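Visitor: Counting with full-length UniProt numbering, you get residues 1 to 596 for the letters of the sequence shown.
A portion of the hints provided could be inaccurate.
Straight-line alpha carbon distances no greater than 35 Å define the calculated DSBU-like cross-link-like pairs of lysine-lysine that follow [unchecked claim]:
1. Lys573 with Lys322
2. Lys322 with Lys256
3. Lys79 with Lys322
4. Lys573 with Lys256
5. Lys58 with Lys256
6. Lys87 with Lys322
7. Lys87 with Lys273
8. Lys273 with Lys256
9. Lys355 with Lys256
10. Lys256 with Lys87
11. Lys273 with Lys224
12. Lys256 with Lys79
13. Lys58 with Lys322
14. Lys256 with Lys224
15. Lys339 with Lys355
16. Lys58 with Lys355
17. Lys87 with Lys58
18. Lys322 with Lys339
19. Lys355 with Lys573
20. Lys355 with Lys322
21. Lys273 with Lys79
22. Lys58 with Lys79
Here are the simulated distance ranges between beta carbons [unchecked claim]:
23. Asp47 with Tyr427: 23 to 31 Å
24. Asp185 with Ala386: 37 to 45 Å
25. Gly453 with His274: 31 to 39 Å
In case anyone wonders, no lab produced these hints; they're calculated from the structure. Note that the coordinates shown come from a computational prediction; the quantities given were computed from them, not determined experimentally. Where is the CB? At the ideal position from N, CA and C, for every residue including glycine.
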Amino acid sequence: MRSMLLSRRDLEFLLYEWLRVQELTELPRFEEHSRETFDGFLDLCEDLATQYFAPHNKLGDANEPSFDGERVTLIPEVKAAVEAFTKANLIGAAMDAEIGGLQLPATVEAAGFGFFQAANVGTTGYLFLTVGNANLLAAHGTPEQVERFVQPMLEGRFTGTMCLSEPQAGSSLADIVTRAEPQPDGTYRLFGSKMWISGGDHELTENIVHLVLAKIPGGPAGTKGISLFVVPKYLVAEDGSLGPRNDVALAGLNHKMGYRGTTNTVLNFGEGKHNPNGAPGAVGYLVGEPHRGLSYMFHMMNEARLGVGLGATALGYTGYLKSLDYARQRNQGRAVTAKDPATPQIPIIEHADVKRMLLAQKAYAEGALALLLYCNRLVDLARTAADPAVEREHTLLLEILTGVAKSWPSQWCLEANNLAIQVHGGYGYTREYDVEQHYRDNRLNPIHEGTHGIQGLDLLGRKVVQHEGASLRLLTDRITGTVRTATETGGVAAEYAAQLDTSWQRLLAVTAGLFADPAAAMAQATVYLEAFGHHVVAWIWLEQLLAAEGQEGDFYAGKRAAARYFFAYELPKTAPQLDLLASGDRTTLEMRDAWF
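Generate coordinates for the entire structure from the input sequences, incorporating the hints supplied.
Guide: Structure (structure tokens):
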């Protein structure tokens, strides 16, 4: 039976025919792996997601976590799924073998993990936060911190979180006020509140490892004064046994429109409810050096941005597959040329407008999945590069694409979910069908891990100009390389290449002119992000088209049709956006509060 989560055939095309991940096994880091181990991992992920995660997706949505003032209660199926995932050693799928990981390529890990996000984003949230937390500590923590906190996470005994935002600061991390006071024994005592902390409290595991941003008194102002701390829910002794409850208190749960299965919390540190060792404050352990916490946290944040993009993609993809299945089975109406009402009704997939909606979903979901896998391959190539210059090239390219890989799927795979509801008609917005929940779940992703607007500001204000435009030049080199290959291939590939090249060159020209009025440019950063993202995905579709060149069969015909759709319907949308950007319009800047 064909999966309704992701298309395994599409994954195999992207991994093996396009990205050629089997070639990674020639590198020392991945030499223990093969196509067979990669396929086995994908099999395992699909099986576990289907058996343990998908069945309680709607149940978890209908029965969200509750808090009685002392304990958080979840439906029991969540714990069973978490245990199945951790028993398969999936927390460490891409982590180093020397600390117990499977040392798989990040590209393969992302492909497999997409099944879990498509099946149940609520339950998956606990696990993916733990993966990111463990990766950060493995990269920046001390050997003792790795042994005390990372190893139990790999074993499934502990889960992890990231604690950045505060009620008064939101995304403005420069304004956080949580403080960390140094102690004679080398630990710190933390005081403050953190908001929107996913997975912040539950009874799924023995302990929860919080990674908390805080300021050491006397440090620099703003983001330069932020440090990072490990603050466990329960203290952990040197021998690994659990000690007393740390002074981390759950103040309450936030109730969301989607992702309802993941606890979303307000946490108070050092409020005095639990005083370990009789002293006030939550015990914390400094990660790395003082005042460098935000740079360390970006390790987890950037990983999480790719994870959010993958989650948005997975939700868009499963919604697409379910609406496609519905369209094939639902008979309604007749062809516009059929005048006899006595003729049988036809499946709605035969109607041109339904085909349009399905093609749009296919173009969004498959384009987004390809983009996310491409970004994860850059992670693999940067990690394994022997030449520092090559590592820097992959890193710079990944940096300019990360915000796009987070935001573009969050916008357009949400639109795919919107179209999936539309394909279902009246049934689409009823709770009996999955697609309405997929939409609600996905609506959180344009906000998760840096809002759409923040990603636009970061792209235009930082990434395109960093290192004197090195990242943008590298991306341009990749795009023009694909254009060159497509031009040499000829046919429709050459036509699309010419279209992309003309539009991309205009985007570059508009970009160069934007900074004549920096304030106006940054006011249009979101428009820039959307235009930029559509160009990137057009390039990704041209890449897929070239990978399908000369191949026959319905699958490849579908790829060619989706590419045709993107270049006919989607890339042209950027022309008026570029016109607006080039105009230097100041409408939003000049608007006044009293005029609303």
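Visitor: Can you name, in rising order, the numbers of the hints this structure does not satisfy?
Guide: Structure breaks no hint.
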